[in-house]
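Undergrad: One letter stands for each residue in the lines below.
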Amino acid sequence: MRNIWTILWKDLRLEWRTKESLSAMLVFGLLVIVIFNFSFNPSPAEVRQFGAGLLWIAYTFAGVLGLNRSFAAERENGCLQSLLMAPIDRSSLYLGKWIANLVFMLAAEAVILPLFLLMFNVPIGSHIGRLVLITFLGTLGFTCLGTLFAGVSMNTRMREVLLPVLLFPVSLPLLLWAVESTGAIFQSAFLDPMIAHGQATTAARASDGNALKFLVAYDMIFGAVCTLVFGFVVED
Amino acid sequence: MKSGQLSRVYWGALIVVALAMLVNIYLALAWVQPDAKQGDVGRIFFFHVPGAWVGLLSFLLVSVASIGYLIRRTQSWDRVAVSAAELGVVFITITLITGPIWAKVAWGIWWTWDARLTSTLVLFLLFCGYLMLRRYIPEPSTRAKLSAVVGIVSAVDVPIVFFAIRWWRTQHPQPVIAGEEGSGLGERESIAFFYSFGVFTMLYLVLLLQRVHLARLDDEVEVLKRGRTANGPRAAHAAWLLPFALALGLGVGATPAVAQEPAPNNGSPTESQDVAQLREQLETELRRAKTEADSLEVDRAQLDEKNSRAIRHMMIAYATVWGLIILYLISVSRRQSKLRREIDELSGGR
Chain A
1 MRNIWTILWK DLRLEWRTKE SLSAMLVFGL LVIVIFNFSF NPSPAEVRQF
51 GAGLLWIAYT FAGVLGLNRS FAAERENGCL QSLLMAPIDR SSLYLGKWIA
101 NLVFMLAAEA VILPLFLLMF NVPIGSHIGR LVLITFLGTL GFTCLGTLFA
151 GVSMNTRMRE VLLPVLLFPV SLPLLLWAVE STGAIFQSAF LDPMIAHGQA
201 TTAARASDGN ALKFLVAYDM IFGAVCTLVF GFVVED
Chain B
1001 MKSGQLSRVY WGALIVVALA MLVNIYLALA WVQPDAKQGD VGRIFFFHVP
1051 GAWVGLLSFL LVSVASIGYL IRRTQSWDRV AVSAAELGVV FITITLITGP
1101 IWAKVAWGIW WTWDARLTST LVLFLLFCGY LMLRRYIPEP STRAKLSAVV
1151 GIVSAVDVPI VFFAIRWWRT QHPQPVIAGE EGSGLGERES IAFFYSFGVF
1201 TMLYLVLLLQ RVHLARLDDE VEVLKRGRTA NGPRAAHAAW LLPFALALGL
1251 GVGATPAVAQ EPAPNNGSPT ESQDVAQLRE QLETELRRAK TEADSLEVDR
1301 AQLDEKNSRA IRHMMIAYAT VWGLIILYLI SVSRRQSKLR REIDELSGGR
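Quick note, the sequences are listed as chains A and B, same order. As numbered in my numbering, residues 1 to 236 make up the first sequence, in order. As numbered in my numbering, residues 1001 to 1350 make up the second sequence, in order.
These are calculated hints, taken from the structure and not from any lab test. Here the structure is a predicted model, which is why all the values come from computation and not from measurement. From the three backbone atoms N, C-alpha and C, an ideal C-beta is built for every residue, glycine too. A hint or two may mislead.
Stated by the list, open to error - Covered stretches of chain A, going by a simulated chain B footprint (3 or more residues, C-beta under 8 Å):
1) 13–19
2) 92–102
3) 145–152
Claimed, not checked - Sample of chain A residues facing chain B (criterion: CB under 10 Å; computed from the structure):
4) 30
5) 34
6) 38
7) 39
8) 40
9) 50
10) 162
11) 172
12) 173
13) 176
14) 177
15) 214
As the list claims (entries may be wrong) - Quick look at which bits of chain B chain A covers, simulated, 3 or more residues with Cβ under 8 Å:
16) 1114–1126
17) 1143–1157
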């Protein structure tokens, strides 16, 4: 446990000093939102329909940028060798890295999400708690796989290209569920005032099915699998 | 395994598969009656479904071989994994190409984001990622190790993908075997269907053998380049393409046997010249009969058009299947002869 904390603390401090990947993630995430606005100029009804997808595109594209940097510093300065020589478990290394990536991505999302809600006038109201929960669970699973695949693609010639090619197909179910439940939240957020004014019925609300449960299950399965196989990725 | 032995076993298997394939082509294209609902285009089924099955089989092999490699750490597991992945891409490509060709006739659209189509596409993308990863790692043992990790993670992921995507409304025909009521196959159809499953699996195994052999040559070159000792050059057997080319040729020759719809036989009613009476009722009757006949003719024309389009589509799908497999065989053989030349050069120059 202390080892995990040490790795995590090291990464956080490093990022705090340079702010390299976090700023890149933020700017990129905002760019996605701006481009969305320019290309569709969406009405509130369209935001209700497509907003969830857009939000997750912004999250994941920004996330890939951050994940790509996650092992870059270790590689460039030969730090990985020293990390591996340290008397810590491989899984601690993985978990530390995972939590660090999670923190970075959540930090970026903490800026992207409010700006998104603000700029597209989503009357989120009391649904914010559920939205944050879904965002957290989705990001948890995405960074879990992302950290593993960042470790894999670190060893290759085309690192930056390969990470999304590997990561996106595998995290597809996760994105599906996350988008579906985020969409359901947006639907209710937009419909609630209308229901209150008698312009719509509760039947118009979309249901997110069991997406929440599946997100939790997905995070648990891949948390276990990735922690187990990460040892193979960094061994010599 | 000695190269001579491989060659002999391989030749035997190849001849058997080529003959079996010829029978399969005959069964699928001529022996089986055209499907009651779909007509001739339904014959794609005998290549489409076995292609998908073999794609899934490859996936299974990749995951088993990945686990095998991480436990045993022998290069032979890795060779099986890469061979299965590459063949998986070939056969899933076949499924992904023949599917839309069929769908255009049966559903009127090329593609729909239906559960099975989407999952097959995702499977294809997973395979592509896997193969791309391999290309970018020069060092063999690192390559084997990392791709095994990706193989295992994908193996865990694929059932989840299939399950998650099932949520979308599925438009795909229900499974015909053990599917819903009334979706069964006729006697001839089921014989041809299971036969083509068997033949595709055999073809797959033969191709796998060949691809694993290629992977072994690859490793050999690697070893030679590092200046270690290696065996002599393998016996060349590039002529093994011949039976497949023959199969294609005969298959194309056999396609005219596809049943054609009988010629139109509902001649338009001859117009009565008995207009002298000028009875109103008769005229209305006549007009109605005329429009009916016209619409019938249009129907007939549409039906003919549809049927010929179906046959055209079926032929294109069929050509795609064999074109792809033969292209793949040519590519494997070219790579093999290149590696063999390299082995000759490297061991000769030593």
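Undergrad: Against each hint, give a clear statement of whether it holds in the structure.
TA: Okay, the hints, checked on the actual structure:
Check on the segment 13–19 of chain A: 0 of its residues sit with their Cβ under 8 Å from a Cβ of chain B, so the three-residue criterion for coverage is violated. With a cut-off of 8 Å between beta carbons, the segment 92–102 of chain A has 0 residues touching chain B; three or more are needed, and the interface restraint is violated. With 4 residues having a Cβ less than 8 Å from any Cβ of chain B, the segment 145–152 of chain A passes the three-residue criterion, so the hint holds. At about 28 Å, the closest approach between the beta carbon of residue 30 of chain A and any beta carbon in chain B exceeds 10 Å, and the interface hint on this residue is violated.
This hint is violated: residue 34 of chain A has a C-beta 28 Å from the nearest C-beta of chain B, more than the 10 Å allowed. Taken as an interface hint, residue 38 of chain A does not check out: its beta carbon lies about 26 Å from the nearest beta carbon of chain B, beyond 10 Å. About 21 Å separates the beta-carbon of residue 39 of chain A from the nearest beta-carbon of chain B, more than 10 Å, and the hint is not met. A cut of 10 Å between beta carbons decides the hint on residue 40 of chain A: the least distance to chain B is about 20 Å, and the hint is violated.
The criterion of a C-beta within 10 Å of any C-beta in chain B is not met by residue 50 of chain A, whose closest approach is roughly 16 Å, and the hint is violated. Taking 10 Å as the C-beta contact cut-off toward chain B, the hint placing residue 162 of chain A at the interface holds, the least distance being around 6 Å. Checking residue 172 of chain A against chain B by beta carbon gives a least distance of about 6 Å; that is within 10 Å, so the hint holds. Because the smallest distance between the Cβ of residue 173 of chain A and any Cβ of chain B comes to about 4 Å, under 10 Å, the interface hint for this residue holds.
With a cut of 10 Å, the hint placing residue 176 of chain A at the interface with chain B holds, because the nearest CB-to-CB distance is about 5 Å. Satisfaction of the interface hint for residue 177 of chain A is found here, the shortest Cβ-Cβ separation to chain B being roughly 7 Å, below the 10 Å cut-off. With its C-beta approaching chain B no nearer than about 7 Å, residue 214 of chain A sits inside the 10 Å limit, and its interface hint holds. A stretch counts as covered by a chain when three or more of its residues have a beta carbon under 8 Å from one of that chain; for the segment 1114–1126 of chain B and chain A the count is 3, and the coverage holds.
Counting residues of the segment 1143–1157 of chain B whose beta carbon lies closer than 8 Å to any beta carbon of chain A gives 10, which reaches the threshold of three, so the coverage claim holds.
Of the hints listed earlier, those the structure fails to meet are numbers 1, 2, 4, 5, 6, 7, 8, 9, in rising order.
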